[in-house]
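> Protein chains in written order, with our numbering: chain A, 1 to 687; chain B, 1 to 468.
Wrong hints could be hidden among the right ones.
The list that follows gives simulated cross-link-like pairs (lysine-lysine, BS3-like), each with its CA atoms no further than 25 Å apart [stated by the list, open to error]:
#	chain 1	residue 1	chain 2	residue 2
1	A	193	A	254
2	B	54	B	202
3	A	673	B	261
4	B	331	B	315
5	B	331	A	673
6	B	261	A	652
Think of the hints as simulated: they come from the structure by calculation, not from any bench.
The chain contents come next:
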Amino acid sequence: MATMPASASDLLKSFKLKTKQQELLIRVSILCLVYILAFITRLFSVLRYESMIHEFDPYFNYRTTLYLTENGFYDFWNWFDYESWYPLGRIVGGTLYPGLMVTAVLIYRILRFLRFAVHIREVCVLTAPFFASNTTLVAYFFGKEIWDSGAGLVAAILIAICPGYISRSVAGSYDNEGVAIFALLFTFYVFVKAVNTGSLAWSLASAFGYFYMVSAWGGYIRFVGFQHVQSGEHMAAMGVFFLMQVFYFLDWVKHMLSDTKLFQAFLRITVTCAVAVGGIALGLGMVSGYISPWTGRFYSLLDPTYAKDHIPIIASVSEHQPTAWSSFMFDFHILLFLFPAGLYFCFKRLSDATIFIVMYGLTSMYFAGVMVRLILVATPAVCLISAIAVSATVKNLTVLLRSKNKVVQTGSTKGSGGSKSSSKALLDQSQPFQKNGAIALLFGAFYLLSRYATHCTWVTSEAYSSPSIVLAARGAHGNRVIFDDYREAYFWLRQNTPQDAKVMSWWDYGYQITAMGNRTVIVDNNTWNNTHIATVGRAMSSYEDEAIEIIRSLDVDYVLVVFGGVTGYSSDDINKFLWMVRIGGGVFPVIKEPDYLVNGEYRVDKGAAPKMLNCLMYKLCYYRFGEMLTEYGKPPGYDRARGVEIGNKDVKLEHLEEAFTTSNWIVRIYRVKPPNNRWWLNRYKFG
Amino acid sequence: MEAWIRARVTLALTLFALLFFVSRSSPPLQFVISNAERRIDLSSHIINVHLTLKVENTGTRPASEVVLALTPTEVDHLAMVDALAIKGKRKKTTSVRLEVKPTELPDAPPIDAKYFTIYLADPLNSGESTTLEVLYVFTHFLEPFPAEIAQSESQLVFYHDTALILSPYHIKQQTTFIKTPSTKVESFIRVEPTKRVGTEIKYGPYEDCPPYSISPIHVHFENNSPFAVVEELVQEIEISHWGNIQVTGHYTLVHAGARHKGVFSRVDYQSRQFSNGASSFRYLLARLPARVHSVYYRDEIGNISSSHLRTNSLKSELEIEPRYPLFGGWKATFVIGYGLPLQDFLFESSDDKRYLNFTFGCPLIGMVVDKLTIKVVLPEGSTDPSPVVPFPVEHRLEAKYSSLDVIGRTVVVLEKKNFVPMHNSHFQVYYTFNPIFMLAEPLMLASAFFMFFVACVAYIHIDLSIRK
Chain A
1 MATMPASASD
11 LLKSFKLKTK
21 QQELLIRVSI
31 LCLVYILAFI
41 TRLFSVLRYE
51 SMIHEFDPYF
61 NYRTTLYLTE
71 NGFYDFWNWF
81 DYESWYPLGR
91 IVGGTLYPGL
101 MVTAVLIYRI
111 LRFLRFAVHI
121 REVCVLTAPF
131 FASNTTLVAY
141 FFGKEIWDSG
151 AGLVAAILIA
161 ICPGYISRSV
171 AGSYDNEGVA
181 IFALLFTFYV
191 FVKAVNTGSL
201 AWSLASAFGY
211 FYMVSAWGGY
221 IRFVGFQHVQ
231 SGEHMAAMGV
241 FFLMQVFYFL
251 DWVKHMLSDT
261 KLFQAFLRIT
271 VTCAVAVGGI
281 ALGLGMVSGY
291 ISPWTGRFYS
301 LLDPTYAKDH
311 IPIIASVSEH
321 QPTAWSSFMF
331 DFHILLFLFP
341 AGLYFCFKRL
351 SDATIFIVMY
361 GLTSMYFAGV
371 MVRLILVATP
381 AVCLISAIAV
391 SATVKNLTVL
401 LRSKNKVVQT
411 GSTKGSGGSK
421 SSSKALLDQS
431 QPFQKNGAIA
441 LLFGAFYLLS
451 RYATHCTWVT
461 SEAYSSPSIV
471 LAARGAHGNR
481 VIFDDYREAY
491 FWLRQNTPQD
501 AKVMSWWDYG
511 YQITAMGNRT
521 VIVDNNTWNN
531 THIATVGRAM
541 SSYEDEAIEI
551 IRSLDVDYVL
561 VVFGGVTGYS
571 SDDINKFLWM
581 VRIGGGVFPV
591 IKEPDYLVNG
601 EYRVDKGAAP
611 KMLNCLMYKL
621 CYYRFGEMLT
631 EYGKPPGYDR
641 ARGVEIGNKD
651 VKLEHLEEAF
661 TTSNWIVRIY
671 RVKPPNNRWW
681 LNRYKFG
Chain B
1 MEAWIRARVT
11 LALTLFALLF
21 FVSRSSPPLQ
31 FVISNAERRI
41 DLSSHIINVH
51 LTLKVENTGT
61 RPASEVVLAL
71 TPTEVDHLAM
81 VDALAIKGKR
91 KKTTSVRLEV
101 KPTELPDAPP
111 IDAKYFTIYL
121 ADPLNSGEST
131 TLEVLYVFTH
141 FLEPFPAEIA
151 QSESQLVFYH
161 DTALILSPYH
171 IKQQTTFIKT
181 PSTKVESFIR
191 VEPTKRVGTE
201 IKYGPYEDCP
211 PYSISPIHVH
221 FENNSPFAVV
231 EELVQEIEIS
241 HWGNIQVTGH
251 YTLVHAGARH
261 KGVFSRVDYQ
271 SRQFSNGASS
281 FRYLLARLPA
291 RVHSVYYRDE
301 IGNISSSHLR
311 TNSLKSELEI
321 EPRYPLFGGW
331 KATFVIGYGL
341 PLQDFLFESS
351 DDKRYLNFTF
361 GCPLIGMVVD
371 KLTIKVVLPE
381 GSTDPSPVVP
391 FPVEHRLEAK
401 YSSLDVIGRT
411 VVVLEKKNFV
421 PMHNSHFQVY
431 YTFNPIFMLA
441 EPLMLASAFF
451 MFFVACVAYI
461 HIDLSIRK
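Chain A on its own, in the form it takes in the complex (with noise of 0.2 Å):
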């Protein structure tokens, strides 16, 4: 009988793990606890709305990657979209950034082979949350290769949470992004593991991770061709590589040489003639224009301001536009002056990986300043430092604690006698008060993460899942007002219009006019024509009689504006459209700004432009509405966007009739009326 309580102690006792399993158990199940929270922390706009796809870009994307599900991969690399850019097409197979679509029909063939009846829109919806979930895994290992576990743990848990990320990878923003961030820093990290072990596997990883995130993201090398070479963009990183290049050759020369002095004079020489090479193939290159000059997208990375006065287009943007401090706040909350702290530690511990991601940080940081939507590059960087900062700081903290809590214990035991003990005491003296200094902080960085997470979180779910395609606005009643005009529109176009029906609209509702409503836009949001998208701009701040020149032309047969007026919804066409005026006289001279302006003021009441009153886009927005009472106790015609009684409530059109629209009147859509008879065949007719 004794065996038995002895055997069943022994069982126990082989369950019982060792700490270090313990440790590698916590670690785990920590990573799946931080892989599911960056999963389902990005699905509040699938539960606040439905499994859709998200605003402008992720539109195309998604019916890219239908298009390739359909047709298979040959037939989307040679694909000529005929309902884009009309009648220009756009050869959308040698165009696009083919990692996002292939990754997702990749998910999606693995799914259906595993049996799972997934449709390819829940695939596209749910790619970015997937691949934030393994971007945090990525951030710990890679936290781990540059400082330890911990502080791998720690960027795990702020990257899966960090609203920088979070505005880019939520359920349905079905972009480039998503994928990028994750290649991104899977590159870096088997980057800097190559550099620290020095293994030519982890390399080849490193440049495998390097092409997929060129894929999904920039270059792209079937569409790139020899821009690596020409584009003035890569000159200083080819440039790099042409100096590492001399200098091993002059390294492999003195390990060649035993004499000094001949390879001093050798050094000169070879030096002289690189720079003078280099120089000279540059000068080349440039003046005969192999090398194209910077682009306006580059130019405005250096100089702020330089968009705004040169390409109208590119700022007209709102994500080009430079960071404001409060999205720096909003994005990053602690990790702003957390950041700071890591760069310290980073410093102090200085090593190829942190080097590295100190660069990373600092160049990105200075970026992010400059463009908003880069953020989300600074974002990882940010995380992965702060990560530093937290880890360094909390395990100096309770090394701090736990130390002195064995001086203590020791001390206690000890206490009662000899000539150490007191010696200890006055070591101990100033010890009291730093374990006090020490939980204090504890608690503080305890409380500020906590913040982190409720700031996160609510960030989540108040301003970045929200799709833009659906609006929600509080009622009255506190109730829940949904518009969903947009869908509206595109699906009665989709429905109701001949299958080739020609749409013009601004160029930013293209794509979501060719994915939902399924016809052709004159432009869309890939703006690869500046002159295309200045002439439909100019249509639109033409005179109607004008513009129905420019829309004949075009083989126009409906137009799309979008108007807030009846809702107070404010980023409608009226808003945009002194960027449409801008991007329309940037190519036409013909359509001045002043004209639109009075006094530099840009107005729709009475007191507006006269041009302005008569131009195609407001007549459009504004036709009929002068009829109608939008607010209790306004006149007729109030705009609620802009809180104005519009100027000109007679609208008359001539050329084009309404068509069709929605409900709340943010979609409407007009006919272009085939041309007139002329006057003298129809009398010749019944005279």
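Given the coordinates of chain A, assemble chain B onto it according to the supplied hints.
Relative to the frame of chain A, chain B by itself:
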């Protein structure tokens, strides 16, 4: 307009000539119709014609086959024909459903007509008479005129018929009543005696009409009832023996009335509801079974937020609103899906088979369905399916792969063209199923997880490094 009237006159003359010819070649006839009353209801776009015939056998032998005649255009639009025999007198009447089949008359006169035969339950002896009630349902039979209308106009339609009932028999006395939806009748052709009272036009009574006599008429009237037609409905019923039936209906809805012309003005539509878009429609009502759950209403581009579900213990009603109001010629496609508890619809029959008992029909109320396809997806591993449908349908088998399917599910596909609400009835699909198949999917999942953990354990315990 003039050309059209001319055409009608020519047609009438031709028919008159035919009539003349026909009346001379009298076929051997068994029956005489002593009294015929016809009531035509034009209040919606589904036309119901109730025909009450008093048939008398004037031949020498007993006979049991009564022949009905219809013009080819009528046959093209005929959704259903149903016949009842009325037994008993006055208050104590009972009706017996009779079989009706399309037939060819071997000695038919050379007149353009199609025939249906009613098979009487008991042969009618010489000199006896009986009362038959016949119901015809026609769809797409009203011709909008003008064919295109603007938003503020109301919809006018033509109804073409003959004042005299087309019949191979001699009719002693007949009357026709036409009921219009409103008193607004633009024009109608009179064949004296004709009387119009309120919403009803009465033709007749006409005495002693020879066989095949006709007299073309038309009625031009206002009909603003929604001409909602489902061009195609694919209803998929997926059975899961784990306790759920998932129903998914793909609808292609169209407004089949006069086409919308020109401007659609939201101001007018919102502020002047009654005078504007009178023939358009916005709301549709779907009647779903009781205890329905997880109802959704969406289309290709996402959820449609405008729908309301009301449930009680007897039935559920789903009020849906397409994304936009439908004007003439406008289309909308959408999907309505819902789940139902299995025990309400799946039963075991005596011979160890299971059967599904479900409604053959369209949940949307009062809807014409041009092509109705019902797909019953049986659980994986079920065999010998056999459908039982109360009216003729086309049927075939398909296979479908749903989640975690290896061999695929058997799908019974039933197709019916020109479906009207009167067709709504129950149908059954019998099949055999071994409950052991229910365990296949959970076992597959469990083994997949098991393999995963085994792989993990193996990975931890096996040293894969080359160096020692």
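> Does residue 652 of chain A sit within 25 Å of residue 261 of chain B, going by the straight-line distance between their CA atoms?
holds (19 Å)
> Are the Cα atoms of residue 54 of chain B and residue 202 of chain B separated by 25 Å or less?
holds (19 Å)
> Is it true that the CA of residue 331 of chain B sits at most 25 Å from the CA of residue 315 of chain B?
violated (29 Å)
> Residue 673 of chain A and residue 261 of chain B were given as a pair; does the straight-line alpha-carbon distance stay at or below 25 Å?
Roughly 12 Å separates the two Cα atoms, so the pair holds.
> Could you grab the alpha-carbon distance between residue 193 of chain A and residue 254 of chain A and see if it respects the 25 Å cut-off?
Judged against 25 Å, a Cα distance of about 29 Å means the pair is violated.
> Is residue 331 of chain B within 25 Å of residue 673 of chain A, Cα to Cα?
Given pair residue 331 of chain B, residue 673 of chain A holds - Cα atoms ~22 Å apart, limit 25 Å.
In summary, the structure is inconsistent with hints 1, 4 from the numbered list given earlier, while agreeing with the others.
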